[in-house]
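Student: As a plain string of letters, each chain reads:
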Amino acid sequence: MSVTRLTFFISVLFLPGASEAISLMGASANRISTTFQFSSFDSLGQYVSDTTPEIQELEEVVVMDQAEMIRREESNSIQMVRQNFIRENRSGSLMKSLERIPGISMIGIGSGASKPLIRGLGFNQVMVVENGIKHEGQQWGADHGLEVDQFAADQIMIIKGPASFKYGSDAIGGVIDIREKLPPSEDGIGGSIELGARSNNAWFGGSANLFYRKNNWFAEGRLTMADYGDFKVPTDSVFVYDFGVALHEGQVRNSAGNELDFSGRVGYLGKNFRNTLRVSRVSTKAGFFANAHGLEPRQVDTELHDRSSRDILLPFQEVTHTKVINKSSYVAGNNFFQLDLGYQRNDRKEWSQYVNHGYMPAIYPSEMLYPSDLERAFDKEVFSVNLKDELFLDSHELAFGASGEYQHNDIGGWGFLIPAFQQYSYGFYVLDKFKLTPLWQLTAALRYDHSQIHVEEYQDWFPSVEDASQANADDYLYRAVDFQREFNSLVWSVGVNYTPGDLILKGNLGTSFRMPIAKELAANGVNYHYFRYERGNADLNPEQSLQLDLGAELKKEKWLLSFSPFINYFSNYIYLNPTAEMDVLYGAGNQVFNYTEAEVLRYGAELSVLHQLTEQLSFEFLGEFVYSEQMSGDKQGFTLPFSPPPSGIINATYKPLSKGGFSNPYFAVDFRMTAEQANIVPPETVTPGYQLVNLRAGSGISLLGQEIQVDAQVQNLFNTRYLNHTSFYRLINLPEAGRNITLSLNYNF
Amino acid sequence: MKNYIIVLLAVSVLTACGEDEKPAIDLEYPEIIATANSFPIQCSVVERGETMQFRASFSDNVELGSYSLDIHHNFDHHTHSTEVNDCESDPVKAAVNPMLFIQTYTIPTGLTEYEAEAEIDIPSGIDPGDYHFLIRVTDKEGWQTLQGISIKIL
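First to last, the sequence lines map onto chains A and G. Following my numbering, the numbering of the first sequence begins with 5 at its first residue and continues without gaps. Following my numbering, the numbering of the second sequence begins with 340 at its first residue and continues without gaps.
Calculated from the structure, these hints are not laboratory results. Ideal Cβ placement from N, Cα and C applies to all residues, glycine included. Each hint can be trusted.
Quick list of simulated restraints, FRET-style, between CB atoms:
# : chain 1 : residue 1 : chain 2 : residue 2 : range
1 : G       : G388      : A       : L481      : 29 to 35 Å
2 : G       : Q442      : A       : L318      : 29 to 35 Å
3 : G       : P447      : A       : Y347      : 54 to 60 Å
The shape of chain G in the complex, shown without the other chains (with noise of 0.2 Å):
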């Protein structure tokens, strides 16, 4: 009998630790909302020389955290897009001088919603062609949501 004393007294150790409350713990994702105001969305157009007005709303159930941009070139047609990827490209080319854009942005804390506005200026020597635009957005708790978007610049 010995050994069943000690198995249940091993399983009620175990199972009393399971017990413990536990503080709630965030399980989602921050979330890009595409809203009619968005911008840029899948297959944009933007213009070399102009400034682009980047906008975007972001949500979570808890809390956000920062966000992030990313404009490089796809030339060779490699991808990040996280849309399925039906815009006309341009064939395939070596780059030259392509644009690259990397910024980071922080959102005010305590916001579960947030209105993302960025101007992002697009140089005149640059090579024109098929580009990936990248957000990256974080919650409090470091869950990420990325959404690459496929745009060209003229």
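Just chain A, with the same shape it has in the complex (with noise of 0.2 Å):
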């Protein structure tokens, strides 16, 4: 078997007209059992279009899609997610087009920028994959959001669940790896261009590409731009603790925001070399709420801000991330060996006027470094590499890997919030995937990881006394001081899948590890987002989780259900817990959170049943629930912060066939049912259930013998006013985005 699993893993890889060998090889490896293997997803066949499987008919035969592959491959939870979910999801930001996707909610802020959150866990848990290369921002900040350019992600694989074996660090919770598109497959130039709008912020933007082949070589440009305007929540005043704060027509002042993107590559494909060269950029730039920076209540020049919804006043963030990546990969006999090698730069600016807290002198020195509106940089750069040499034999499918990761954290402004720091780490792992019947298939794995943090010290620029003429050299408090950790860790996973016929049974057992951040080493500084006096702890130990996922999925006729329940044991949980103290010389009087270990408990599930009524009609159910409490510590009892309320989606997917110039329509109503979240922890408050319709429609449509696709979406059809539990807003009351209808266009040539 191995021979043909490396020549089909080559043809896809490889040659062109990859996709069409797809469905051909698709077809006859369902033939031959399963024992075929595809272990890398680049080449997921395009025509599939959701994140459920589908069972496709052609010439009697049986077509398994690539997903379905994995799924029965891989002993972990995981959803692939494809280009045209994506694109009849679009929202703002690309998390947000992911939120349908079961045990997948986001933390949002504002309409353009939101992270994602897996079955609870997000922030630094969660590690999100840009072209094989770990994507690294300010991932710790609840207000930052992920910068990743929504129109080039073609495919995306979620691992619910810990991963660490394989991706090392922050894969605690899960692993959200986007892939952009294959190659250009034959000879010739072609592209796309895709347009939208949003009614509800004003949003108007599109993507733009090109591509050519030429032989063994190709080369593919990609521009998107993004305008929008102050989002609008159905209500004309919020309560911003309880100052009352009145919305200009509903809308969220300054919430405005635009983004610039643009990506090049260039790449030679051999028979059995191939190099990808990858330079990518994404700015954004977006208002905060003008009443609330962060939630602490502003009182602001309303006709300044509301003259324009358009405009982006203080505060604002700016963020500007830079890639380059180098993949390359080379076939040798039965071994497959990858080297990716990646260069990123975050650059992260946060505009705010200067405001006096705590001890800062009311008046903004002239001689400081920084100007006065900059309250917050941060600069981060990051050299990454990834060797893997994937064997297959007989009936074993060997990986090894080794990656290596260095970081230069800078920061600026007046505020602070972490310190400087720099980082490296490398680990090394071995991976097999042991067919052990045509049936039965075992995977274990094991890692080795090492990583050293050196924190920089920092100095305040102010004296933290009452009267500054009085200060001396030690009232300059230092908020941080200079020392380094080191971390080691081994971490271990097994796992079983039998997939007889229509079945697939999973289980995976596995322990995952996350070595503790700066800020959480070493934060000492008053976070004014939430009024709190945030303290790092220099002795963490790193976080240590245990996970027990299953998984069935079952295939018969017009039914199709899977259910993946877990259950996890943190032994080392890293948590910002809320005291009853203040503190007055760090934190200006603020109460006082420290960064403790815990012990946590969490259990959950996902389930998903599709039923194709006719061919025309189907319905289907997507239902999550996850569950967290701690087992230890002050906060034994309660959950953990930002826990998902139970949730539940009903759909009904309408698809009449291809007639005159439409081709493949679709209707589609999502009912979304979220329960009340009265699971709590300080500072929370319980969020009401709530729930919502949304609508999506969209064909192809043949306009002078060219095909435009065209989706439109309407969100929050009866504009609901709601609160989401995961918002950064929600400790504010702000409601969540009004009635919103999205029209986007697509055009390939």
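Fit the two chains together into the complex; they arrive one by one in their own frames, and the hints show the way.
Tutor: This is the structure we're talking about:
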């Protein structure tokens, strides 16, 4: 079998016309049972249009799609998302578009930025990988979005659960692995244009892509632009704490923004060797809700702000994320070598009028290094290398890998949250997939990691005394002292897959880890987003988790069922614990929040049921549930922050036959029910449940011999006023966006 | 059938976990209760050179934690006010030597109600004008209630 596997593997990766090869190979693969292996998901077929697996009849042969193969072969809980799903569910940000997937929620900040939560874990507990390299932004901040061009994302693999053995630290809660389009398969020039508009925040944007291939060489470029105004909520006033704020025409004052991204790649596709170099830049600028910078209530010049819903005034954030990634691969015998090299820079600035918090002087000193409106700046540079060899043997598929990373982090601005730091890490792993019988597969993995962090000292630029004229040198506080920490970690994972016919059963048991980040080790300042004094702990141990994942999937006639429960125990979870204490010297009178360690138990499940009633009509239920509880420490019995409430989606999809100039039309209704979240922890408040109705429709339309794909959505059809428990602005009771009608046009040439 | 059995097993394992007896946890914020004695209140006026008597009444369902007081200028009309700001404010002006006061206070352990009192000296050399008086109170579990009051110093 190994020869067939590798041959297929190579044919998919290296030959022109790869997508046709997939469907053919897919067909025969099912005939020759499921020993067929596909270990890179680079080449997923494009003919399946949803996250749910589909059954396609092709000359009476059931074709198994790539996503299903991956789910059959991997013992983790994996969800594949295709371009079509992203397009049909397109939202203001990529993560928002993925919210429909069971087990996925997000922390939204405004309409253009969001960060993922997988089964309730997020921030540095979820790793985002883009084109093989770990995405490194400032993911520790709740108000920081994810700097990814959503139009460049072609396929996304979501691992719901720990995957440290393969991805290293930070993959303790899950992985979002984003891949771009395959290289063009045939010689020539082509491209695509996508244009869109959204009613709620008057969003206009689009993306254009051009590619060229000649023999073994190809080049591609993409440009994405978006510009949007303040988003609207179905209310005319909100209460920031108890302070009433009137909203002009329901607009969230100053939440406008814009985005400009470009990327280019050039590659060589040889018989055994291939190399792709990709350069990309994502630049965003987005305003913060002016009446609440972070969550601090502020009085603002409403007349100035309400003059235009499209201008971006203070406070706002500006981020530029640059990446250079080189991917090489080489096939030699039954070895497949891959080398990924990456450089990225995340340049983030948070602009805000100077406000003398705590002991800061009333007047901003003119001799300061930074302009008075630069509150915070973060400048991160990351160098990464991943090396992997996959070895295809008769019944084994072995993978050996090594990875290394170096980070350099600078800070700036008059505000202080985390100190500057440098860190490096390296790790090695080995993974074996053992095909016991055609129906049984075992997977085992072992990984070792080492990392070191060097935190730089930070001294306040102002004295912490009430009368600055009496200050002496000691009053200029050291917020951070210079220190180093080293961490070592060994994790393992074992999995089993049993795939008789229409059924997939799998189980995976494994440990995972996460190195503490600079914020957890060395935060020592007031976070005026929340009025809290956050105090790091330089002695924290790495997070450790043990998780059991089970998965069952049954495909029978017109039914498709999938159920994925998990149970997870953290012997060490790093938790920001709100205490009863107040601190005057370092905390300027604010409540002390300490980074501490706690044991945590979590469990939950996702369920999806698809019933194909007739050839045109299908019904689907998607449900998710997660429960977390702290088992030790000060907050024993409490949940974890940002715990998503149970929720479900009932969907009906009607796909009439292609007729006239319309091809593959679809109409879909989603009824989303979200339960109340009463499982809370300070400083959260109980979030009531809500129901939403979303509509989607689209079709390919032939115009003058050309086909244009048109997709439309109505999100929040009834303009329901609701709060999202995991939204950044939840604590100030800001409702989520009201009704939003979106339209997008897509043309490929 | 095997798959159904496994699914059922998984469900029962999960529900079994959910039936554990949970210790009662405190989900209530402490309260700052306005009484006839409370000072300052919204729009209170104090004078430079005098000693201000702070008085407030705190309560919590389980146990109070601590509190802090903060006075800072509001000449530029930024606001921490948690009360609708209907006091008459002076025109926006630049600060020269504004008053700054930050202090934390402990509350004796085991109390669910506490009458807080503190004396605050208002220096005579400071800028008069609009100020914010911020009260933060915590309970033992770490719930925090914050109240911002607009005051004027003459």
